[in-house]
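A.B. asks: Could you put together the complete structure from these sequences and hints?
Going down the list, the protein sequences come from chains A and B.
Just so you know, we're using this note's numbering here: the first sequence kicks off at 1 and counts up by one.
Just so you know, we're using this note's numbering here: the second sequence kicks off at 364 and counts up by one.
It should be emphasised that the hints constitute simulated quantities derived from the structure, not laboratory data.
One should not assume that every hint holds.
Said to hold, decoys possible - List of simulated lysine-lysine pairs, PhoX-like, C-alpha gap at most 25 Å: (1) K23(A) to K513(B); (2) K242(A) to K38(A); (3) K38(A) to K150(A); (4) K386(B) to K410(B); (5) K567(B) to K401(B); (6) K23(A) to K605(B); (7) K605(B) to K150(A); (8) K513(B) to K242(A); (9) K242(A) to K150(A); (10) K386(B) to K242(A); (11) K261(A) to K288(A); (12) K150(A) to K430(B); (13) K543(B) to K401(B); (14) K375(B) to K401(B); (15) K242(A) to K430(B); (16) K470(B) to K67(A); (17) K67(A) to K605(B); (18) K150(A) to K386(B); (19) K513(B) to K150(A); (20) K23(A) to K386(B); (21) K470(B) to K107(A).
2 protein chains.
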Amino acid sequence: MHDIVLAHNETKGRAFLNQLSGKTPLFACVIGVTETAKIPGISAAGKYPELTDYTPPADVELLLLGKCRCIAGVPVTPEGIPTPALITMSALRLANIPALVVSGGLKINPHVPFLDLGGESGRDVRTGKAVDNAGEVMWRAKIAAENLSKTVDYLVIGESIPGGTTTALGALLAMGIDAKGKVSSSMPGNPHGLKIRTVEDGLKASNVGFGVLANDPLKAISCVGDPMMPAFAGLILGAADKVPVVMAGGTQMGAVLSVVKAINPNVLDNVAIGTTRWIMIDKTADLKGIITQIADVPILAADLDFSQSRFEGLRAYEAGMVKEGVGAGGAAIAAMAKSEGSITKDTLLVEIESNYERLVRSK
Amino acid sequence: MHDIVLAHNETKGRAFLNQLSGKTPLFACVIGVTETAKIPGISAAGKYPELTDYTPPADVELLLLGKCRCIAGVPVTPEGIPTPALITMSALRLANIPALVVSGGLKINPHVPFLDLGGESGRDVRTGKAVDNAGEVMWRAKIAAENLSKTVDYLVIGESIPGGTTTALGALLAMGIDAKGKVSSSMPGNPHGLKIRTVEDGLKASNVGFGVLANDPLKAISCVGDPMMPAFAGLILGAADKVPVVMAGGTQMGAVLSVVKAINPNVLDNVAIGTTRWIMIDKTADLKGIITQIADVPILAADLDFSQSRFEGLRAYEAGMVKEGVGAGGAAIAAMAKSEGSITKDTLLVEIESNYERLVRSK
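C.D. replies: Right under this line is the structure:
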């Protein structure tokens, strides 16, 4: 399928992709919110920082319903660029792929069904006490995935958590992965300095040095991570010994991968990262540089191209806005794989533009 | 499969059962609680009426984990007879059938993952305002089932809600089904008089006469039903146009069937009731008499027989205690069908006794 790029670890990537061909996955979207996202300048996943509590529930409403319920319109960046959930939703609809919402910890519940794991929203990472009950949430996610993986061909797992690359940086540093200057951003100007300062405050507050928690990933999450991480990792741990799992996301997948590796490295053989071309060409970040420090997993990238879009809000993706999120890249890959190539980047763009027109432009 | 009885509508039942052979279902367990269950003498689903809030979460913990977390031991009747979840859990484990917990409305959340539909626990049916947001809960359940049914061969849906036969009587009468003296009970002496008085208080309080709400099932639930009903009905409405659905339960299935019929009778062709032999031979109730007033659906019954069990607590089922619940009959049928008959009532009893010994006797 020429619209999926084997972006890293080509041989394994091709073999992984072959397994998915013609199969129907379950797309699980793990959502969470944190106070970290409300630090000015950290997150673009909402028009204002205070709105970030609404972005993940609105994203998953869009996935399941084709429209949001808890907000008017769809989530946008401060510049008005629409959520990548628009890509995910379009891919899932085109390919008739089912979705399940999983909460890691929220302030506002989505107005759609969601799997509750008993998690709570995350604190400001600068407290050094970012997440409560990470172990329990991970364990419950594992139980759920053990059950669900008995009925599905494979899993695609995406996430929506504003400020997630900052907390990813925190967890990665605590687990000894050199990720400074390497995590991505939904903003074109990646605020690395602010992210590093924020996370270093958290590491100091929890008295955790670089790499000290390499073998205690739950503590890394608890101190300087976020509530998406234990839920996402638990789903992989419960499913990947039985079915392939696509980790649909950008540099945040590094933090989740590092957690999974520390707990059960055996499942890593059945895992690939699925992302977008925009993440791979991002000069302000280095997904490959993070992943290769952790495990020998393939990276697949949906070769999405919005440069010829009719809509400025979509062309902005080519200028480095948003890039990825809500499992957009992995959902696009799954749609292409399920359709055995009859869904292409072009048919996907037509669907995305049609949904954009209905949801964004008509406002 | 000679350990499944075609108890009603034999031709349709045989055709339905043939579809299930060798297939893997998802077992969904819908749970809820009400204040109705705390009326003395109404429910035996708990050692004391106050404990009924813990019974459904404990039941589903048993299903997913093989043991309870929110209570010590397992739920028992006032006489110490163990929950039918013991049967369900044994059947699911033997046949490697996955389970998903769905909350209609609870006071105590289970310590396992569960699907949240935004529902709340039910009031005392005598208020005539038994359930809030029935329409929203049903709609969310439908969304969830539309998604899940894309990945499963078929669905088996069970329930655990103490006092559920009383609220079933309420909803049935409001929808015009003559169910007085016909609903079952987990007690050997079925307290029909108390149930009828309780429900008539509720019908009076909500100013609803017999059959007045035949075409308004959501109002019937809201006035004199329970929070399990909209969740259960929504799952059927979302799934049964795509995959077969086994309604796993006793006379409460009448109330759910009546709701589904009023909303979308087209899906009834893809539905069967799966119950236990103990329900079919119950002289204090009349499942067939309820169902035949509603729809032409088959009734399948697992031919369970505990008369030769080593344990008094299991032999009590033969004396009319408990009889059904937590989808025990439907789960047993699904286990037999998945194994194409290699799981029998005898192998099932061995597994049930082994779990009984571990969980009940060792206390």
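A.B. asks: Confirm or reject each hint.
C.D. replies: Hints versus structure:
1. K23(A) to K513(B): Distance ~12 Å between K23(A) and K513(B) Cα, so the pair holds.
2. K242(A) to K38(A): Violated, at roughly 38 Å.
3. K38(A) to K150(A): violated, 39 Å
4. K386(B) to K410(B): violated, 37 Å
5. K567(B) to K401(B): holds, 20 Å
6. K23(A) to K605(B): holds, 18 Å
7. K605(B) to K150(A): Given pair K605(B), K150(A) holds - Cα atoms ~19 Å apart, limit 25 Å.
8. K513(B) to K242(A): holds, 19 Å
9. K242(A) to K150(A): Holds - the C-alpha atoms of K150(A) and K242(A) are around 8 Å apart, at most 25 Å.
10. K386(B) to K242(A): holds, 18 Å
11. K261(A) to K288(A): Holds. K261(A) to K288(A) sits at ~17 Å (cutoff 25 Å).
12. K150(A) to K430(B): Roughly 21 Å separates the two Cα atoms, so the pair holds.
13. K543(B) to K401(B): holds, 21 Å
14. K375(B) to K401(B): Judged against 25 Å, a Cα distance of about 39 Å means the pair is violated.
15. K242(A) to K430(B): Holds: K242(A) and K430(B) sit about 24 Å apart, inside 25 Å.
16. K470(B) to K67(A): violated, 31 Å
17. K67(A) to K605(B): This hinted pair holds, its Cα atoms lying about 24 Å apart.
18. K150(A) to K386(B): holds, 12 Å
19. K513(B) to K150(A): Holds: K513(B) and K150(A) sit about 14 Å apart, inside 25 Å.
20. K23(A) to K386(B): holds, 18 Å
21. K470(B) to K107(A): holds, 20 Å
Violated hints, listed in ascending order, are 2, 3, 4, 14, 16; each of the other numbered hints is respected by the structure.
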